[in-house]
Amino acid sequence: MDSIAKSHGLVSKIALLPPLSLWAVTKLTLVGAVVSVFAVVFYNYFLHPVAHVKGPLLAAISPIWIVRSVAGHRLNRDIEALHRKYGPVVRVAPNELSFATESSLKAVHNPGPSAGGSLFTKKGTSEEMILRLVFPATNLLTVQDDAAHKTLRTALQPAFTAKALRDQEEITQQHVQATVDALAAAAAETPGTPISLTRELGKMIWGIVGHLSFGQPLSIDQLDNYDHRKDLHAKVASVMELFQYLASVPVIGSMIIFSVVTYRKLFGSSQHILGKQELDSHIASRRSGKDFLSAILAAKDAAHLTQDELYSNMTLLLMGGYDSSYVTLSAVFYHLLSKPEHYRRLQSALRRDFASADDISCVAVLQQPLLNACINEALRLVPPINGHGSHRVAAAGAAIEGIWVPAGTLVSADIYTIQRDPRCWAFADEYRPERWLDESNGPGTPFAGDVRTAWRPFSLGPRACIGREMALQSIRLAVAKIVFLFDLTLENRDMVWDRDVGSHFLWHDFDVRVKVDNARG
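Start counting the sequence shown at 1; every next residue gets the next number (UniProt numbering).
It is possible that part of the hints are untrue.
Claimed, not checked - Each computed EDC-like pair below joins lysine to aspartate or glutamate, with the alpha-carbon atoms no more than 16 Å apart: (1) K235 / D301; (2) K339 / D487; (3) K515 / E189.
Unchecked claim - Simulated restraints, written as ranges between beta carbons of each label pair: (4) P158 / Q307: 19 to 29 Å; (5) A396 / P158: 28 to 38 Å; (6) T306 / G192: 52 to 62 Å; (7) K123 / V40: 47 to 57 Å; (8) Q307 / K339: 28 to 38 Å; (9) A182 / D359: 37 to 47 Å; (10) A147 / V37: 57 to 67 Å; (11) E439 / Q307: 52 to 62 Å; (12) T306 / H52: 43 to 53 Å; (13) H52 / A81: 38 to 48 Å; (14) E341 / A302: 43 to 53 Å.
Calculated directly from the structure, the hints in this document are not laboratory data.
Computed from a prediction, not measured in an experiment: that's the story for all the values here.
Note that the Cβ used here is the ideal one computed from N, Cα and C, for glycine as well.
Construct the entire structure; sequences and hints are all you get.
Here's what the structure looks like:
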């Protein structure tokens, strides 16, 4: 009884204590927040499993460095600068390492059978979050399971064989010719007036890839809608970086994943390109087996695709094919026209080997070494994808470049930096197409020491770009015909790609403007 009485007395005394003021509660909250932040910073900088890896202080203690870089659209340049300062491995976020060597690229994306399965996964990356945002169902890019990925890739491969590419040439020629006609009209009707070559090339690639993906061309309105959605994604890319960091916090992580799925309808791209009814109409009215659509329909049963997955794969091929080819074509012409001697040299080579533009075919341009050198060099300096945009999470501990990478650590092999590494390339930051010509890279030449295997603009391994040859076929044909037929002059000569063009997961905000004249002679 005495104990009960004492306890009642204690409760009474507590009840008589004055209530905490709002200011006191605020102070306690602030103190708790400061202590929590200090604890996180202390752990990240001193105790984290990758704390020994060099990098900027801000990147070691918080995600602010990488979020700021993505938000400022400086990602490629910023990560390259870090590698130049700190070496081949850099800590770019508390739990993320960036590597910049040829061997690291293989380790992350193509470890080989001796590794005993995948050492790295997309699960838990900002790329995975963005893909959830964009695509409503699984496709070749988003499928996690290696066996399922292999089955789907094998089923889609018939659309990308050498024979399939030859069969697709009629479609490619049709859209390239439409662009040639538009440039010819500009030269005749408004001579000397600058036009956006980037815009014309974008319409051409949209036409080619849309035609191949859906069996019929898509409209320019659909292209404008897609570009608008891409602009939205560029604005939220930094938010995805922050979400990726917070996703490791148990309760917050679940809320983030839920919010990404919930807001897909607002920000998603793929479902806004073509409605389901339009898709069904394209499937019903397809006229040939020369497009991606036919291959995907053939793959539906082999890969056990649902209707949503069928649609998701079709839009993936459209979006991936458009973005990579569109960027590369703009980069090729930017570099050719920034130093007009490269343009004139290529034009002379083409006019020497072809009597007319009608003789320029997809097969014929394969045998044009200077043309292919110009394209390869643009792809070296401006790879359409970057390493951070295809980063991975270590599924289990693994060693890369002698650095132990604990399970759960984000890793990337930065293609942009690797393809500009002075240890791999002579004149690493310069546009030098001659490095790809046989007569210029033998013993005793400046390019004899180039490490050609460090050229991986389409990535490598089992998840490398499936549409690489299709993209190159369109790019070769378009560059060859345009250079053969027209004298182009770069109008915005103050533009410097490496300085002015934005980069996050993709290249962003570029426009090559030109004056068009018919080629002399």
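To see whether the hints hold, each was checked on the structure:
1. Using a Cα cut-off of 16 Å, the hinted pair K235 and D301 is violated, with the two alpha carbons roughly 38 Å apart.
2. Between the alpha carbons of K339 and D487 the distance comes to roughly 13 Å, so the proposed pair stays at or under 16 Å and holds.
3. Between K515 and E189 the alpha-carbon distance is near 12 Å, which keeps this suggested pair within the 16 Å criterion.
4. Separated by about 21 Å at the C-beta atoms, P158 and Q307 satisfy the suggested range of 19 to 29 Å.
5. Here the CB-CB span from A396 to P158 is close to 35 Å, well matched to the stated 28 to 38 Å.
6. Under the hint 52 to 62 Å, the C-beta atoms of T306 and G192, about 54 Å apart, fit the expected range.
7. At about 24 Å, the CB distance of K123 to V40 disagrees with the hint of 47 to 57 Å.
8. At about 50 Å, the CB distance of Q307 to K339 disagrees with the hint of 28 to 38 Å.
9. Roughly 21 Å separates the CB atoms of A182 and D359, a value that falls outside the hinted 37 to 47 Å.
10. For A147 and V37, the hinted distance range of 57 to 67 Å is not satisfied, since their beta carbons lie about 44 Å from each other.
11. At about 54 Å, the beta-carbon gap between E439 and Q307 stays in the expected band of 52 to 62 Å.
12. Between T306 and H52 the C-beta distance comes to about 46 Å, which sits within the given range of 43 to 53 Å.
13. A C-beta distance of roughly 21 Å is found between H52 and A81, which places it outside the suggested range of 38 to 48 Å.
14. At about 51 Å, the beta-carbon gap between E341 and A302 stays in the expected band of 43 to 53 Å.
The earlier numbered hints that this structure contradicts are 1, 7, 8, 9, 10, 13.
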